[in-house]
Each structure stands twice: as C-alpha cells, then as structure tokens.
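Visitor: Chains as they are written, first to last, in our numbering: chain A, 348 to 583; chain B, 2 to 819.
There may be inaccurate statements among the hints.
In silico lysine to any residue, SDA-like type, Cα no more than 25 angstroms apart, as pairs [unchecked claim]:
id	chain 1	residue 1	chain 2	residue 2
1	B	LYS452	A	ASP551
2	B	LYS697	A	ALA374
3	B	LYS697	A	ARG448
4	B	LYS452	A	ALA419
5	B	LYS697	B	ARG670
6	B	LYS452	A	LEU415
7	A	LYS552	B	GLU574
8	B	LYS754	B	PRO504
9	B	LYS754	B	LYS507
10	A	LYS552	B	LYS697
11	B	LYS507	A	ASP551
12	B	LYS452	A	ALA374
13	B	LYS452	A	MET446
Just so you know, the hints here were simulated from the structure itself, not pulled from any lab data.
The residues making up each chain are set out below.
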Amino acid sequence: MSAIAFARSGCGGVVARVGEAEALLRAAGALWLAAARTLVVADLHFEKGSAYAARGQMLPPYDTAETLRRLAAEVEALAPATVVFLGDSFHDGHGEARMARPYAEALVALARGRTLVWVVGNHDVDGPANLPGEVVETLRIEGLTLRHEPEAGAQDGEAAGHLHPCARVSGPGRSVRRSCFVTDGRRIVLPAFGAYAGGLNVRDKAFAALFAVPPLAVALGPRHAQPIGWRRLVGD
Amino acid sequence: MDAALAQIELPQPFDAWFAARGWRPRAHQLAMLDEARAGRDALLIAPTGGGKTLAGFLPSLIQLAERPRPNAPPGVHTLYISPLKALAVDIERNLMAPISEMGLSIKAESRTGDTGMARRQRQRVKPPDILLTTPEQLALFCAWEGARLYFADLACVIIDEVHSVWPSKRGDLLALDLARLQQFAPAMRRVGLSATVDDPAVIQRWMAPRPGAEVDLVLGAPGAPPVVDILLSGGEVPWAGHTAHHAMAEVYDVIRKARIALVFVNTRFQAEFAFQELWRLNEDNLPIALHHGSLAAEQRRKVEAAMARGALRAVVCTSTLDLGIDWGDVDLVIQLASPKGASRMVQRIGRANHRLDEPSHALFVPANRFEMLECQAAREAIAENALDSEPERVGALDVLAQHIMGLACSEPFDLVALYDELRTAGPYRDLTWEDYEQVVDFVSTGGYALKTYDRFRRIVQGLDGLWRVRNEETALRHRMNVGAIVSPAMLSVRISSGRRSTPGRKIGEVEEGYLEVLEPGDTFVFAGQVWRLMGVTGTDVLVTSAAGEDAKMPSWGGSKFALSTFLAKRVRELMSDGDHWAVLPGDVREWLEVQRDRSAIPARDEMLLETFPHGQRHFMVVYPFEGRLALTTLAMLLTRRLERLGVGPLGFVCNDYALTIWSLKPMDRLDFADLFAEDMLGDDLEAWLAESAMMKGAFKACALISGLIERRFRQDKKSGRQISFSTDLVYDVLRRHQPDHLLLRAARADAAKGMVDVARLAQLLVRIKGRIRHAALDHLSPFSVPMMLEIGRQRSPGTAGEMILADAAETLIAEATA
C-alpha cells in the first residue's frame, strides 16, 4: 500500500503518481496531466441512448447532452491544451451519424484553441469521421502510454479505460457503489465518463491480473473523490 | 335464511350431491346463484371456511352442466383469477371433486407461469370451460392476437382474494384487463370473493364494469369470533427488543400443546431467529419448519406439501403464508412481535381452524412495551370487528403504459375508443386526456420533450388512423416483460467447495441487500442453519457451514409493514385513557404511571415531545405513533431543519411509535410549532426525496413496469444488478434534463404513497398543529428508555453515501500515516 503515493488536492480530487507522471484524479472522473496541460476522459459512449432506442428501448435521449455538459465543466475549470478521448467515445460505429447537430457543434467549439485526440476503442474502431482532432491507436504523454484497453499483465506507465471500474464500500446498514479510478502507482484505469456507461466492480477478476500490488481505488463523488484502500472494497 | 332465498332450489345432480354429503347449501351460496340468474355483478364477503369458493363456482358449474351440449360455444365460460399461483392450482384440484363425483362434462384447468409449454399451447387451441389463472397470465392473454376470439364467450370472471389484490399495481393491471375482457364479452359478469373488510363499497366501486354501475354485496354468515390471548412471559414485558427472545420457551410449550401452529413474524431475520431458537428448545424433536420469501422456491414448496400432508407441527413464517391454500388442521396462530395492522391480523388468524362454528385461536407475543400496547389495541379492535380501511385507488401510469403496449400487441386500437374503455376500469375513472396522451406518447417514443426518437416508434399510427405495434419483434419483447410485480434481484446461496471456493450446492436464494450488513467471515443464520459468509461472486453468495457457532444477528428493528393508521389511533387512545390501563399487565401499567408522574401522558389528540440531556448529548424524543415510514421521513426533514437552526443534529432512530434525534446543542428552547410546521413538506421534502435511495427504487420499479427498461431479453437474461445500476443512471440524467417526465411523476407518486408515506406525515402535521405537549426534562423518561436502547442497534437510514466513503477514506489515510 505504501508504494502508492497519493494526496488530496484542493479541487476535491486526488493527486497520485502513476509511473513517472503526476496525475490529478478529478472528482468528476477525468484525469489531468498538469505538466502537459492534457485532460484525459475515457469511455464517453456518446449516443448510447439512441442506440438503445433504435432497438426499441426508449432511454431518455439526454445522455450525450449530459456527458458534454460534464466535459465542458472540466474544460472550463482546467483550460487544457489537449483533450484526449481514451476510446469508446461513441457507443457504436453509427453513433457519430446519429449525433444531433448541436452536440457535434459543441465538440467543434470545444476544439477551438486546443487539440482533440481520439484514441480508438472497441466500440468505435475507426474513430470519428467528421469531428475535429486526430485519431490514434495509442499516445505517449509524460512517460505514460495512453490506450483504450489495458495491456495484459502488470504494466508500467499506462493509462487506459475500457473496464469501467466501480468501487463498492460497505457502511453501517448499506453500501455505496461509485465509479472509480484504480491504480497501483504503475498504471491507472480510468472510470467511464459517459452518462450511461455502467460499471464493473474492481473486485472482478478482470482487474486481478492487471496490478502487481493491491491497488488503490479513488471513488468519484459530487464534490470530492475519495481514496479507498483495497481491503475496504467489497464485491457486488 | 330469508324467504326469497329459501325458494331457490338446486337443480339435479347438484341437489343430490349436496344431500349425499349431508350438506345444505348455505344462504350466501344460494344468494350467489340468484345473482347469477339475474345476470348481476356481485361481491361476496365471507370469512374463511364459509364455502366461499364453492359459492363463487356453483353458478358456473350449474350453467355449464345445463348448457345444451351440441351447440356448446367453444370459448372459455368462466375465468378464475387468483393472486397466488399455488391457489389457482389448488382450486383446480378442489373443483375436480364435485365435477367428477357428479359426472359433469366440464373441463377446469389452471394456467400459471409454471404451466408447461405443451399444456399452454393446447389450452389456446382447445380452451377449457373454466380457466384458473393469475393477473399476470391474464395480462399476457390480453397482449395476444387471438384474445378477442378466445374470450368472446366469456360468461363470468371470478376474482378470488380481491381484498388483497385491488389496492396495488397488480390490481390496477387486473382492472384494466377486466375492462378489456368486458369489450370482448359485454355480457360477462364479475364476481369478487373477499375476506372481511372495513369498507366493501371501495371494492364494489373498484369492481364495477363502468362508473355508477352497481355491484351487489352478498354477505356470508360471520364465523365465531376469534379467541385472542396475549402471552406474557413470567407476567412481564421487556423494555425493548423486537425478537420476543424472552418468551421463546413459553412459545415452544404452546406449540407442543397445539395440533398444528403457524408462527407469524414480521421479517425474514426474525423468522430465522425464531426458528433457530425453537429448535434449540425442541427436545421432543417436533417437526417445525421455516417458510419465508428468501428461501428457494422448491424448498418452500416442500414445506407447503409437508403441511398439506399434516406432517408438520409448526411453521415459522412471514407474510408469505398470509394467503394461500387451506390447511384444515391448523388450530393455533402465534404472532411473534407486534401485528402492525388489524386486517392483516384477522387474515392471519383466519389461517387457523377453517370450521365456521368454532372460534380460531390466536396468541400475541409482544416483544416490548410499546408492542404490548399495540397488541392490546389490536386485540380489542379484532373483538369489535373493527378493521383498517384502505383509501380509494388511483391507477398508476406505469401500469397503464404496460397495458396500452399490450393492447397494441393484441390488435390495433383507436385512440378515442381506447380512452373510453380505460375509464371504465375502477382505478382509471378519472384519467385525464392529457395524462392519457402522455402515456401513449411514452409507449410510442418514450415521451421526451426532445423529439429525436420519432423514427424508432414502438407503436405506430396507420393510414386507417389506428395504432398498432411496430413489428412482431417488438410485440415479442413486450410479452416477455409483462407483469406488475417487480421482484428484487436474487442471489443464490451456495456452499463453497474446495480451496478455490467454487460455488457448490445451492441452499436457497436471498434478495440482493439481504446480507448487506454482513462482511466476509461473519456468521449468519439462513434456512435454519448457521453459515459463514465467504464472499459474493457474480450472483452467488458463497458460504461454508458454521454449525455449532453463534450466529451474528443483525438487529433488524424494522418490519416490512408499518403500523396501520387505524391501529395507531387505537394505541394512542389506549395510552391516553388511564382508566383503560387496568387491562394491561402490571409492569406495563407501572411504566405508564411513572411516565405520567415524571414526564407526561399525552391526551388523545396531543403529541408528546420530550427534551433532555443524556451523556454528552442532547435528546429530543417525539411520540406521534404514526408508523415507521412516516416517522423516518419526518426525522429526515427535522434533521435538515435542525441543521439550519445550528443545533448540530448528530443522528436519529425511528420505530413505529416514536423518533429520537440527538444533537450537540440543547433543543428545549426551540419553537416547536415552527419546527413541525407543514411547510416542511415543500422544498425540503423535494430536495431530500430527489436524492434518496427510495426514490431511485421507486423509479426503477416504474421503469421496469412501464417497459422503459426490459426485465428479460430474448436471448440472455440481464442480471438484476445491471438493471439496478442503469436505472440509477437514467434517473440522474432524466431528473436533470426533463424533471416533469411521466415516469418521474409516477415514481414520485409511488414514493410519496409507499416508502415515504408523505400523505400520512401530512395528516400527522395537521393533527398535531397547536397540540404539541412539550416536556422539558433533566433526565430520561420511562417512554424514552426503549428508544434509547434502540440507538446503536438499528441501522441508521440517514447515513449518507458520502459519509461512508469519507469514513473509508479517513481510515485509509490514518493507516497510511500511522
């Protein structure tokens, strides 16, 4: 446990060392690499609502608007030079085509004066066709490799998404389940940033092989992110 | 028997069949026959053991026996609806006896969720004369293309246990389906069978086929009044507690002397606890069994079968056995801890002794002093035959959405004609056109202000102006999701095997959340044995045997049911009337007397409020006697206000009778009239409710029932857990972007009615306006002692998620810096 260096930040987030980089784990679920002025968000799953509606399940069509609202708030607070989308930015390959014009325009506005980088994921293998920004497989910033799906086995210096980590903590009489970051100080898995993206408990075996030591979870909250030790986490 | 009824004669072979048994038809059985011959709708209210079921079926059996065979219509003649699958199957068996003994050529068959595929298909092609089924199966029938033809000959529908069905979402669904059946078969008669209720007129109005239509009331002869005793262990009642642990030896003794006893408790934990305790005492090795909703279905069936065979001496059970098939030999009903309501208690007592002329015997075992007051009040109410009443039902909009989708799957509908049809259903008499249009829009596209889903419509309006389902695939998916019961996600309890802890033999199922208070390594009782929790993987709870060890028992103060309004009023009356105390045991009487001397006994229209310091804290104890749900809501809202007043509230506990709040600063100088002002039901309530887990739970139920979220997919069954997570996400997004959406309205109405009990809280605030009796004390009062003992034993519903996380984080930081 002592191998993982972290501290609370004044903004409500948690500062942690990941590989050689100092990362700010924001309460909203974004990763901020201050030295590179880079904001990283994972698994936005834009247009998940309309993907379900097309199959007959009429989920409220506000998920894209809500995800953009959260993203805009992070951009407003941090004024990044680069925004990295860490894959699965769209729920499926037709998501960009279904996206209503005002939302696409909001992304265009967001790109003004900064660079957008779209890392491809398994839901959006080609990346967006018409939105501004570069489409890449992986990216290196601050000694970190940014990719969608974590590489198998313990890795040094990696930031990834894909797994939608979630932490459950038991309290007196009830438990709380929240999206979270999870890191062992060498690599980090980001929570899903999208409004309709669900979560996978970090106690699930999908996480087991990724970390060399029992990792730290940083649970998201309305104002504060909370660092939670491995022993306090429970399965679903 | 009145003269007119005496004129009614049973035709042959019925008359001979009765005579051969030495029976004479009872007055209400003849009255029901008369109703049938006059073609009138009727509600029969009769106690258990009164031949109620036969009274319901007799007219149909006679009509079917007399019907000219060659021209026999092909469809179902009589449809019987039961709230329980087991009951439908049992009635089928019971009907077989008269049918075969009289040699009638009548086919009666049940159809439930458990009915095999082959039988279902045969039933569709060759309908039985009498079909016995459940509200859910009827809803499925109504969503089928062949429904109109299938039910065109329907002469009669019998709704059994109607008193338990109508005031619920299942009742809403049933009322809508009855309205549809009436369209198919306009001459169809409606027959309701009910246990004794406070106000039959509410059920008559619910049943009526259109507004203003009359449903006749037929009353069976009342049975002998029940004999209710209260068990006092050593003549004493404990100060606090919920398990009646103190009296278990006497309870065992009573079971030993009885033929067969049903031991009712209020929660599953109490059931496990009582079962464990009874077996600890069971030197005679009496066959005592356990029955509650968390046990695997096959295990419950086994217990029911053993009971039916007469192989058991006692069953410890929860409300799972409130209704059900007749067990003639039960001669004693024991209620451990408080009964909570008079009607439910009468229902439970009715499970003993199904012979009309002999009284049923019941024994109440109060677990603490407030419960003693409650047991006494219930006993007096039962003796006077005074029961809880239910308010008129307003149909839920999520149920309406499901029904409309079902109809569209069955056949195309006209918007205006359907509106008229829906309003013939009791709970939907006052449905406005605006709400109706919104529900149709919801069914079609989700009903969003943002119109982006028009191209994905689930129901579409054709060139003929009629609405129909988009395609067969959509209809198929709807049919897989029919029903108004949302069951919580279940986890399988399995014995962990091998060193790798792989899931082994299944010993039962528990609701998600049942074991939430336990950590791996803890021991607990389940299915009557002690287990150690190893962990949870996926949908399996892994356990190992911990036989012989003491089980950790989460103290579970709450009961599923809150004290009824009616019984609460009687408790307050009993308490305020010093002359009445003579009926109470000595120690309880003394407790009331000391309370009168040291603090105060409130008058019947007053609410007592005590303030006193204790330890390092200041306490406020309020005694409204209004049920746990309303008091929990009140405590939440008071805490918010006290926070704003700078009093520094630290926590609270509630039970059915009182609530206690403790704080950093004294509260005896507060303006209580202001503190309890009705305006707390405005913004404070809204703000708290929006964030509460109860509201999310209510939304989830509405989302599932309305079809926004599917319960079952065609290929893979999505686990309950995922559904729970995604409805929370949907809730958060919808609340921010369209707070007036239909489903949020429906969820708010449900939460306010059920879990939060806002209506009752509102009544309370009106009742106590200007009638708060404040006793500023410098020490504890006798009344407050049971409340003080609850502190630290109850799970606190107020603990916010943020606090749990912050606490976990602090522990971690302390560890890290140590």
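Visitor: Tell me the hint numbers this structure goes against, listed in increasing order.
Guide: Per hint list: 1, 3, 5, 7, 8, 9, 10 and 12 violated.
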